[in-house]
Amino acid sequence: MNMRQQLVQTVETTMSTDKRLILLLGDIGVFGFRNAFKNFPDRVYNIGILEQATVSLAAGLATLDFIPVIHTIAPFLIERSLEQLKIDFCYQKLCGNFISVGASYDYAALGCTHHCPGDVGILKNIPGMEIVLPGTSKEFDTLFRQGYANGHPTYYRLSERSNSSECNVTFGKAEVIRKGTRLVIVAVGPALEQVLEAAKDFDVTILYYTTVSPFDAVTLRENANCSKILLCEPYYTGVLSSDIITALFPNPITVDHVGVPLKLLTNYGQVEEHDEHIGMTSNHIKKRIEHLIG
Amino acid sequence: MEMKELREKVIRISAKAQEGHIASALSILDLLWVLYDKVLRIDPLNFSLPNRDRFILSKGHAAIGLYVVLAQKGFFPASELENFGKYDSFLGGHPDKNKIHGVEASTGSLGHGFPMAVGMALGLKIKKYDAHVFVIIGDGEANEGAIWESALLASHHQLTNLCCIVDYNHSTDRALQIGDMAQKFKSFGWETCLIDGHNHEEILSALHKSGNEKPFAIIAKTIKGYGCAKMENNPEWHHKFPRPEELPSLLESLR
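Which chain is which? The protein sequence lines are Y and H, in order.
So in numbering that gives the first Met the number 0, the last spot in the first sequence is 293, and the numbers never skip.
So in numbering that gives the first Met the number 0, the last spot in the second sequence is 254, and the numbers never skip.
So that you can see chain Y by itself, here it is in the shape it has in the complex:
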């Protein structure tokens, strides 16, 4: 089951047990949610292609103790509606869930208008917004159930690709995948797949973050047993640098990055071609590890 299919199953089953949940679709996923439309006609809406008003409308629903879930494609949900997310949800301290598809360059062949590697960095700068990147479908299910009703606005970033191994994840907490001595690798969401392959022959610590905000500084501090950090993020690179430096202050550290470089992605093709061009591959990560370890 891919993440989109898991989204349907998770939201439908949660709606059956929690009458506060209300689903607003931006004219995507309508067929997938056909049973939800039938089973919860008062709480499932194909609201249309008007993301700004949809986010504000959802805030209005949240004031009446509904828990809105808004689902559409990442750039339209986050970049077009940014002020509505900031003011209507974060400033007003309302609970809502924003679930995107089309992470970074998942819609590779559709081009720049449908790419969204900037979403995490943008939202990271809005106090109060929680950001979650599940690495697998099951992880999404776990993280959504733990977080959807916690009173905060939360962004769930779904990916077309999943990690091949499941982790026992907890909302707001990083997982220690393994302990080593030469390097600490911080892997975010679906970047774990390439990290595990790249690091298999090295004596390194791997920390796995599915919640980017709030940042779990405790797990990093407890496990950062050397001064070299490799940060692997599946979006515009460097978003967690400040959190890492702050968490480990005043220790002198070296932070290297693998992620999407800060430029508009104007090519098409396949996801794997983008990976290759920007270095989101296990081979490239392996070279970064070798360079850092020396």
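Treat each hint with caution, since some may be false.
Straight-line Cα separation of at most 25 Å, PhoX-like style, residue types lysine-lysine; simulated pairs [unchecked claim]:
| no. | chain 1 | residue 1 | chain 2 | residue 2 |
| --- | --- | --- | --- | --- |
| 1 | H | LYS37 | H | LYS72 |
| 2 | H | LYS124 | Y | LYS92 |
| 3 | Y | LYS92 | H | LYS126 |
| 4 | Y | LYS92 | H | LYS85 |
| 5 | Y | LYS37 | H | LYS126 |
| 6 | H | LYS98 | Y | LYS92 |
| 7 | H | LYS127 | Y | LYS37 |
| 8 | H | LYS124 | Y | LYS18 |
Just so you know, the hints here were simulated from the structure itself, not pulled from any lab data.
For chain Y, the structure is supplied; the task is to place chain H on it using the hints.
Just chain H, lined up with the frame of chain Y:
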């Protein structure tokens, strides 16, 4: 309550704080007073009742108008108006729902309050509450695309419990002429009426109407700065505060 007294309060607290959009507040003061005095089913002592009516000031910069009315109706002590605009005051240049008893939505960024009101009306309809949502938008605010997204949503979902009052004072005609607002709302599937936004009988009559399977828009013809002769339709006063030496003549020109 004498409207002249409310207008004087608006000007005095703005002069004291050296902040506030006086002319915008005076433009909607009659609308606000009739709403809170005669129409809204809300109780300052039991404000959190789920089936209460809701009022949203989507043009949040007119906040001092709302503040003087809320104080007059007992939502907070009138003495708090003296603190308007101070660093630790709960009364700022735009209303904050998490600070002010009686405020339903934090507004200020134009084009946000109206869609929030649509969401509230939809939520009340789903919960089958017999409550109404009233929202005031500005004609300048109607430059925002989200206003028309919201108008479309409200009519599609047949939100007969929603009333949008347009403060049509033509203040932004200099930038973008928006034309016949009643016709525009009609074309988006609303019922509409056109009133004098400073005539209390017309305001009350309009607020008691509602759309038949449609949301209802009241196009209120208003004068920016209404009631203060020196400010009326004078763009200089959009975001200007009286200097101490100006205050006596401004108050003297109040009707």
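- Hints not upheld, ascending by number: Of the numbered hints given earlier, the structure breaks none, since each of them holds.
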